[in-house]
Each structure stands twice: as C-alpha cells, then as structure tokens.
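Student: As a plain string of letters, each chain reads:
Protein chains: 2
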Amino acid sequence: MSRRLSAPPDYAALLDKYDTWMFDCDGVLWQGDKLIDGAVEVLRLLRERKKQVLFVTNNATKSRRSYKTKFDHLGVEAHVDEIYGSAYATAVYISSVLKLAKEKKVYVIGMAGLEEELRDEGVAYIGGTDPVDKTLESFSLERFDLDPNVAAVVCGLDTTVNYTKYSKAFQYLTRNPGCQFIVTNEDSTYPSAHGLLPGAGAISAPLRYALGKDPVSIGKPAKTMLDCIQAKVHFDPARTIMVGDRLNTDILFGQAGGVSTLLVLTGITLESEITGPNASTIVPDYVTSSIGDFRSA
Amino acid sequence: MSRRLSAPPDYAALLDKYDTWMFDCDGVLWQGDKLIDGAVEVLRLLRERKKQVLFVTNNATKSRRSYKTKFDHLGVEAHVDEIYGSAYATAVYISSVLKLAKEKKVYVIGMAGLEEELRDEGVAYIGGTDPVDKTLESFSLERFDLDPNVAAVVCGLDTTVNYTKYSKAFQYLTRNPGCQFIVTNEDSTYPSAHGLLPGAGAISAPLRYALGKDPVSIGKPAKTMLDCIQAKVHFDPARTIMVGDRLNTDILFGQAGGVSTLLVLTGITLESEITGPNASTIVPDYVTSSIGDFRSA
Chain S
386 MSRRLSAPPD YAALLDKYDT WMFDCDGVLW QGDKLIDGAV EVLRLLRERK
436 KQVLFVTNNA TKSRRSYKTK FDHLGVEAHV DEIYGSAYAT AVYISSVLKL
486 AKEKKVYVIG MAGLEEELRD EGVAYIGGTD PVDKTLESFS LERFDLDPNV
536 AAVVCGLDTT VNYTKYSKAF QYLTRNPGCQ FIVTNEDSTY PSAHGLLPGA
586 GAISAPLRYA LGKDPVSIGK PAKTMLDCIQ AKVHFDPART IMVGDRLNTD
636 ILFGQAGGVS TLLVLTGITL ESEITGPNAS TIVPDYVTSS IGDFRSA
Chain F
386 MSRRLSAPPD YAALLDKYDT WMFDCDGVLW QGDKLIDGAV EVLRLLRERK
436 KQVLFVTNNA TKSRRSYKTK FDHLGVEAHV DEIYGSAYAT AVYISSVLKL
486 AKEKKVYVIG MAGLEEELRD EGVAYIGGTD PVDKTLESFS LERFDLDPNV
536 AAVVCGLDTT VNYTKYSKAF QYLTRNPGCQ FIVTNEDSTY PSAHGLLPGA
586 GAISAPLRYA LGKDPVSIGK PAKTMLDCIQ AKVHFDPART IMVGDRLNTD
636 ILFGQAGGVS TLLVLTGITL ESEITGPNAS TIVPDYVTSS IGDFRSA
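Chains S and F are the protein sequences, given in the same order. The numbering of the first sequence is the working numbering, which starts it at 386 and goes up by one. The numbering of the second sequence is the working numbering, which starts it at 386 and goes up by one.
Next comes chain S alone, as it looks inside the complex (with noise of 0.2 Å):
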C-alpha cells in the first residue's frame, strides 16, 4: 500500500532519505504550457540541499536542446545534462545497441527534436519532416522507391503523421529483411494544455496492427531509458526516487529500475485509480497531491 504524504514531517524525511531526484515533467512539473504551484521552488530546495536533479521525459518531439529552452521558457533551472527524453535515449539505443552499419539509415515517423538527437548521436534518416512525406496526397506503391539501407523504423509522436509515412514504414518493416521496428514511447495520451490527445502509443498503433507485432519501446516503463540514464551518470538506486503522474509509466520504470516511487495527482492517474476495490495493481510508495507539497519540507 501507498504512503500518503500529507504532514511536514513527512516531506523533510523523504528529503533526507533520497539523494537522487527522477522527475517526470508533465502532469509533474508542468501541465502544458502552465507551471504547477510550487514546482520551480521545490526544485530550487532540492538543489540548495545538493540533490542530484534528473528529467525523465517520454516526450520525444523534442531534443534535449529544445527541452531545455521549454524549461527556460517556464523559468525552471535546468542543464541539458539532466535531461532524459525517449527521443534521445531513441538514438542511444540506435547507435550504441544496435550499431547500424554505416550505410545503414532509419525511416522515421516523429518531428525536429527526434530527428536532432539522431544527428547529434550520428544516425542518418529518411522521412521525418521532409516535406516530401508531409503530405495527404494519395500513397501510391507504384512510384515508391524501397530503400534497401533502412534498417529500422522509429516512430514517435507526429502531429503530422498521414498515410503515406504509414505506407512507406509499413514497407520498410515488411520487406527489407531484418528491418527493426522502435518506438520511442507507448503513452496512449499526452496532457496538452487543454486536454489530452492521442499519444505517441496511438500514432504508432496502425504499424503494430498491421504488423501483428510489438516494436521496441524506448521510452518509460522500459528499462532501456534507464540504461542510457545509468551509462552518463552514477546514483545509487536505493537512494533515489522517481517522481510521476503516470502508473503506467513513471511509476513501473521507477519500480523496474529498482528505485522508490513517487505519485503527484496532478496529471493523468485520479486519486480514484489508487485507492478503492477497482484500484490499479502498480502501487507507488508514495502518494502526494502535487510536487508543491514540497514546500512545507
């Protein structure tokens, strides 16, 4: 069963307790555009107190780069070596676990931030935002050219996603033998501003069905995103908690990798999911309304 955090006491033992501070972003720190009362000061408390500070993001349109101008946007301190989205640790996984021969390429389905931690990590692909794949116009396979150096498919959150990037990946992954099929992330929603929409999970649900497979997901729950985090920097998992809105997500990766959970009730898990008969079986360690909470510490 879950701790509910509720008095001072509360807050300053778990300060004392972990060293090494996971965070999820949004539904956590942000809901969209907004910041959550108290985020920006609980994180200063928690650097005052010399805690090692990480964001852990399924968001991958965007690069660590371009997370970090979010984070500067909002006026919260950040320093992109803190900073973990499945976008880069997509390109980790490509080049240091698959390592693609060098004529090799990937076809993605995703926006900028994906295609800039390939660049960054050394990775070429195809499709993207190429303009020549944004488009409605009919798919046609007669004037498709199949390209036999794709070697992987990644797709991501697209909000530009249309059938013919479903076509040709569905090509890629049917017909050049081998082709591996990756996807940075499995949310099925993403919190926008205003509400959720369709998350990276769905954009990449028609290949999955018209596969009849699962791809590779990179992002939370996977322990892949863990080992990109384990390989840049050192902590001690008994001494770290990872903080989420998402039991699905944060809070498995944060159970898989070993290390204790947090759940803020400012995102997509209601109260209603973690208590009662109908209650969810992942169970965090801790539950509290929001990060804010913090303050009291």
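There could be a bad hint or two in this list.
Same chains, same names: a pair is fine if it fits in one copy or spans any two.
[What the hints assert, rightly or not] Here are the computed lysine to aspartate or glutamate pairs in the DMTMM-like style, where the Cα-Cα straight-line distance is at most 25 Å: (1) Lys419 with Glu527; (2) Lys598 with Glu656; (3) Lys419 with Asp530; (4) Lys455 with Glu522; (5) Lys455 with Glu527; (6) Lys598 with Glu522; (7) Lys419 with Glu522; (8) Lys487 with Glu462; (9) Lys484 with Asp404; (10) Lys484 with Glu433.
Because the hints were derived from the structure by calculation, they are not lab data.
Based on the hints, put chain F in the right spot on chain S.
Tutor: Okay, now just chain F, sitting in the frame of chain S:
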C-alpha cells in the same frame, strides 16, 4: 480438414450443391485493378445456371454505386442490389440499429463512399472529406468546439487520415457521454494493385489504443454484415457458399453465418497458412487455387 478442389467433377459438384454464391472481391475477382483470370467467365457461368450472386466486400472507401462503376470498368456484370460493402452495412447499422435521434450526427474518419452511404440512409455526419479536417496543421484543443450532438465516431479506411481527425474523434469518444465507436471493418491490410498497404483496422488503431477500448466492427467477420444482407435478400444457408481469400475475415464470416466456405489462393492467404504444422485454426470447407478453376466445371 479442407477439401482441395482440383478435378472438373469437384467444381461441377459445388455448382450443383450451392444456389447462393457470396464473393469477396479484392483478391478473389481482382487484384487492385487487374482481373483474376477466368473470373468473368465463372460469374457468367453462375448466372447462366441461375445462381444468386452476391458481392460482400469490406472495402469501405466506396459506396455500392461507386463499386458498381468498378465492376463496369473491369467488365464484370454486377447490380447495385447484389453489392454489400462495409460502408453500406455501417450506414444501415447506424440508421436501423443505433437509430440516432434526429438532431444527432456521426463524426466520420473515412472517404466519399462512406459519406455517400450515410447520406443515402439519412444519417447526418461531419468530418469525412470536409476540407477543414484535411489538414496537417497542428491541432489545438483551444480552437476546437466540441459538437454535443456527435453521438458516434465512424472510422473506415481513410487515406487522408491525420492528427486533427484522430484528435477530434478522440474528443468525441471521451467527452460526449455514450458516444459510440464504430469501425467499418478491421482488416489489418488491404491489397492494392502493387502490394499490401495498411487497412481500415490499422487506420482505427490509434483510437482503439488511446481509448483502451475495442470498437463495434461492422464488416466481415462480424455478424452485422450478414444481418444487413439477410434483411434485404433471402437465401438458404445450407445451399450458400462464401468465397474469399482471407481466413480471418471471409472464411470466419461464412462460418459464423452457417454457410459453407471456399478459400481461393489469389489474395492474402498463402497455401502455407492452411497446410502443415503451423496451419491456421480457421479451416475453410474447400480450397482452390483460383476462382477461374470453375471454368472446368
């Protein structure tokens, strides 16, 4: 185990045994825009023998009228009242089973053929081919007005599908109480003239994934399609045979409807899927290479 047809008496026996012949079209009578060798002659033979001929297709991009034009163009005799498409069956389902109140409407992800069938059945709709929704511009909830009269989302194959359509459909399905989620059919792929492309099931997969909920599916193998046919024509299931190229749509459909089934190998299903240790559990009554084989009857 299926009976493999090969000798002239096999074909003659089937002609004697069945009075009503239901045909899938793509992969059975034609592949894309290319007629299957002998299909025209065999259909003519059936008509000479006074057989009832019906065409039962999951293709929801065309209305019965536009499907008739395709038959004409390929030189295949067909009459509009012999054609049962999933667009038509979907429109009939909404008008006869859902019976929406007068002011209610559906939001369409789909093409002109689906719209035409909805209009013919007196079902009001928005979306579909409306140029407002044919866009790759970013979708913003802030600028979206939820129409409270949308009581169902209908999704079929739509080659101009995009994030705006998915986002609007998702809003109706999550914010309009009781909004129904209906798909014309669940085919994972469809056979274009030059190869397989993602099908209607793939196109609706983002909504299914984002909602975590399965839709009501109208086309084969669902019984809804058969109900629609039975409401219009009389046939004796014991003397009826369904001819198709796909086990999980055509053959399942025939079996669910209590009619006999014949698999042809000119479409999706390969011989290797019906023989050997990894054969499908869906077993047609008869198998033949091609509908053209019946010329020897």
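Student: What are the numbers of the hints that this structure violates, sorted from low to high?
Tutor: 6, 8, 9, 10
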